[in-house]
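Colleague: Just so you know, the protein sequences line up as chains A and B, in that order.
Just so we're aligned, residue 5 is where the first sequence starts under this note's numbering, counting upward by one.
Just so we're aligned, residue 5 is where the second sequence starts under this note's numbering, counting upward by one.
Derived by calculation from the structure, the hints in this document are not laboratory data.
A few of these clues could be false.
Just so you know, same-sequence chains aren't split out, so a pair can sit in one copy or run between any two.
Restricting the straight-line Cα-Cα distance to at most 20 Å, the calculated cross-link-like pairs of lysine to aspartate or glutamate (EDC-like) are [as the list claims (entries may be wrong)]:
hint: 1; residue 1: Lys272; residue 2: Glu156
hint: 2; residue 1: Lys89; residue 2: Glu101
hint: 3; residue 1: Lys68; residue 2: Glu165
hint: 4; residue 1: Lys102; residue 2: Glu156
hint: 5; residue 1: Lys158; residue 2: Glu19
hint: 6; residue 1: Lys318; residue 2: Asp125
hint: 7; residue 1: Lys96; residue 2: Glu127
hint: 8; residue 1: Lys238; residue 2: Asp298
hint: 9; residue 1: Lys159; residue 2: Asp125
hint: 10; residue 1: Lys259; residue 2: Asp319
hint: 11; residue 1: Lys45; residue 2: Glu19
hint: 12; residue 1: Lys313; residue 2: Asp233
Number of protein chains: 2
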Amino acid sequence: MIQTIPSLLNTLNKEVEQNKFGSEPSELYEPISYILNLGGKRLRPLFTLLSTSLFTTDLEKAVKPAMAVEVFHNFTLMHDDIMDKAPLRRGKPTVHEKWNTSTAILSGDVMLVKAYDLLMDLEDALIKKGILAFNDCASKVCEGQQMDMNFESKKKVSEAEYIHMISLKTAALLGFSLELGGIIGKTSETNIAFLREAGINIGIGFQLMDDLLDVFGDEEKVGKQKGGDILANKKTYLLIKAYETASPKYLEILKNHFEGNSKTTTNKIKEITAVYNNLNIKEITEKKINSYFDKGLKCLSKVEAPLYKKSILKDFSQKLMNRES
Amino acid sequence: MIQTIPSLLNTLNKEVEQNKFGSEPSELYEPISYILNLGGKRLRPLFTLLSTSLFTTDLEKAVKPAMAVEVFHNFTLMHDDIMDKAPLRRGKPTVHEKWNTSTAILSGDVMLVKAYDLLMDLEDALIKKGILAFNDCASKVCEGQQMDMNFESKKKVSEAEYIHMISLKTAALLGFSLELGGIIGKTSETNIAFLREAGINIGIGFQLMDDLLDVFGDEEKVGKQKGGDILANKKTYLLIKAYETASPKYLEILKNHFEGNSKTTTNKIKEITAVYNNLNIKEITEKKINSYFDKGLKCLSKVEAPLYKKSILKDFSQKLMNRES
Numbered sequence: 005m006i007q008t009i010p011s012l013l014n015t016l017n018k019e020v021e022q023n024k025f026g027s028e029p030s031e032l033y034e035p036i037s038y039i040l041n042l043g044g045k046r047l048r049p050l051f052t053l054l055s056t057s058l059f060t061t062d063l064e065k066a067v068k069p070a071m072a073v074e075v076f077h078n079f080t081l082m083h084d085d086i087m088d089k090a091p092l093r094r095g096k097p098t099v100h101e102k103w104n105t106s107t108a109i110l111s112g113d114v115m116l117v118k119a120y121d122l123l124m125d126l127e128d129a130l131i132k133k134g135i136l137a138f139n140d141c142a143s144k145v146c147e148g149q150q151m152d153m154n155f156e157s158k159k160k161v162s163e164a165e166y167i168h169m170i171s172l173k174t175a176a177l178l179g180f181s182l183e184l185g186g187i188i189g190k191t192s193e194t195n196i197a198f199l200r201e202a203g204i205n206i207g208i209g210f211q212l213m214d215d216l217l218d219v220f221g222d223e224e225k226v227g228k229q230k231g232g233d234i235l236a237n238k239k240t241y242l243l244i245k246a247y248e249t250a251s252p253k254y255l256e257i258l259k260n261h262f263e264g265n266s267k268t269t270t271n272k273i274k275e276i277t278a279v280y281n282n283l284n285i286k287e288i289t290e291k292k293i294n295s296y297f298d299k300g301l302k303c304l305s306k307v308e309a310p311l312y313k314k315s316i317l318k319d320f321s322q323k324l325m326n327r328e329s
Numbered sequence: 005m006i007q008t009i010p011s012l013l014n015t016l017n018k019e020v021e022q023n024k025f026g027s028e029p030s031e032l033y034e035p036i037s038y039i040l041n042l043g044g045k046r047l048r049p050l051f052t053l054l055s056t057s058l059f060t061t062d063l064e065k066a067v068k069p070a071m072a073v074e075v076f077h078n079f080t081l082m083h084d085d086i087m088d089k090a091p092l093r094r095g096k097p098t099v100h101e102k103w104n105t106s107t108a109i110l111s112g113d114v115m116l117v118k119a120y121d122l123l124m125d126l127e128d129a130l131i132k133k134g135i136l137a138f139n140d141c142a143s144k145v146c147e148g149q150q151m152d153m154n155f156e157s158k159k160k161v162s163e164a165e166y167i168h169m170i171s172l173k174t175a176a177l178l179g180f181s182l183e184l185g186g187i188i189g190k191t192s193e194t195n196i197a198f199l200r201e202a203g204i205n206i207g208i209g210f211q212l213m214d215d216l217l218d219v220f221g222d223e224e225k226v227g228k229q230k231g232g233d234i235l236a237n238k239k240t241y242l243l244i245k246a247y248e249t250a251s252p253k254y255l256e257i258l259k260n261h262f263e264g265n266s267k268t269t270t271n272k273i274k275e276i277t278a279v280y281n282n283l284n285i286k287e288i289t290e291k292k293i294n295s296y297f298d299k300g301l302k303c304l305s306k307v308e309a310p311l312y313k314k315s316i317l318k319d320f321s322q323k324l325m326n327r328e329s
């Protein structure tokens, strides 16, 4: 298998196309193909393949376990979309909208089972280790999602609480994606731990970047309306930081928009963005993102593997850092 | 470990009490304790312990895997209750009523993960086999639930379709419960296959008994209102059989109540029960139940294990057959 990003991506997309999880009843299995084929960057399974490539050239054996990560990720999207009442995912109707909530619950459930099934493609000697790590990660993702929901009704969320939440909801799976490559590559426990840590830190940076792009991204490139998080009153890193650093004047504006019964939604995005600009929230967030990415890359540098192999993974991670969508 | 039913039940209930799946966030983990402590017969984990006892006296090692089956079962209840919009479970508010739908989805998700985690307590050499069998069973349970939902909007469901649906939705897990005991007891593939078949057949009989008790059970003993399935227009074995055997006169009554816009819901239970009585549906169903139980017991008799050990499992299964609730 040639180890360039486009060729690996090609392998993964072929795997998505070919993988038949089941056929009957079609209402259960069609939503799985549907959500997996909505696109997406395949970031997580790519991480697994690139991580595996640090230790072996035989990447074939990593494809199905990598797909387990992708299937699990899409299971969480399917269920999260129900909880968030999201009508669209990547510009297309969400599963609970296209079918119904019951089908979205049940298709998601069977996807979680299929993720475990794909992990069974690990070498026998690695199954226990792989599943235990996956269980740990999967529980954390659920914990993070519940915390995120709790934040909605919480008056004040601290920076530390927020970072903790995203370290579970988003970053744990990126950590597992890299960890899994280490497990498949049969590397040392120390290397595996560095890989996981790298993924977690990159994952936190990745989520903060998401928060940032929602407000300061290029609408066309991001592919969704700017300021969606602001309209949805989401307690993002940007908002938390703004609350933390605002002078009484700006605090008043924040409170008006997020706590009061103000009906000024038309100007909400504009006014809040102005507050962010006045408080240098963009720069503060970028600095934070960089610090997490740097920490992640530092962890990667500690993994004992050939430098030229690590550079592909490093370059890929850096592209994530500089992404515009 | 003493191998009487009450002592095994005691062991399982202690395990339920002691098992802490997690603590934070509490909204995620409290519903798990809640649903597991609503009671229930612990039928499935008992099956696993009794099945294990055919091959070994060391039942300690079967307790956590048996709990995996119970946790999985309760995960399906938690999610099914959302889909069925059920307000009560064993006389208490369902999780989505007591908390909310999002929490019921997410707690259920993490329960499925925890079921896998409990299976990791299997001996290393048995993990792959155990998880593969569990994956197969779990997929079937989801398929059966989706079929059951599809039946709601289907005009005609045949007896064969119905039996196929319950063989997936209900019976597959009873099959796995017994199969798992065979895996833990390291018995032959032939024995394991007979155990699974026994569980599936007993499971089908068990579900048909459920259908029967809904109409002909003792209200106090069953603990819920008689005729709930009739009011909910559920396509049970009884209704399918009535449609199949009804003369034009009775077909008219059935159509009136289940297909027309008749408002006669007050007399619905009474009138449908009368139709069932006239068509001997009770006897027909009892005959069917007996045939599945007999098939199940025949499979059990083919399992190579000491007769006196098999008799406990056989007696327990027979009690299920003669249950009044």
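Colleague: Against each hint, give a clear statement of whether it holds in the structure.
Modeller: Hints, one by one, checked against the model:
1. Lys272 to Glu156: Classified as within; 18 Å inside a copy, 45 Å across copies.
2. Lys89 to Glu101: both (9 Å within a copy, 18 Å between copies)
3. Lys68 to Glu165: Classified as neither; 35 Å inside a copy, 34 Å across copies.
4. Lys102 to Glu156: Intra 26 Å, inter 19 Å, cutoff 20 Å: inter-copy only.
5. Lys158 to Glu19: neither (42 Å within a copy, 34 Å between copies)
6. Lys318 to Asp125: The answer is neither: 27 Å in one copy and 37 Å across copies each exceed 20 Å.
7. Lys96 to Glu127: neither (37 Å within a copy, 45 Å between copies)
8. Lys238 to Asp298: Result: close neither inside a copy nor across copies, 27 Å intra and 59 Å inter.
9. Lys159 to Asp125: Neither: 45 Å inside a chain and 41 Å across chains, both beyond 20 Å.
10. Lys259 to Asp319: Cα proximity of Lys259 and Asp319: none, with 41 Å in one copy and 68 Å across.
11. Lys45 to Glu19: This pair counts as within: shortest intra-copy Cα distance 14 Å, inter-copy 43 Å.
12. Lys313 to Asp233: Classified as neither; 38 Å inside a copy, 62 Å across copies.
Violated hints for the displayed structure, listed by number in ascending order: 3, 5, 6, 7, 8, 9, 10, 12.
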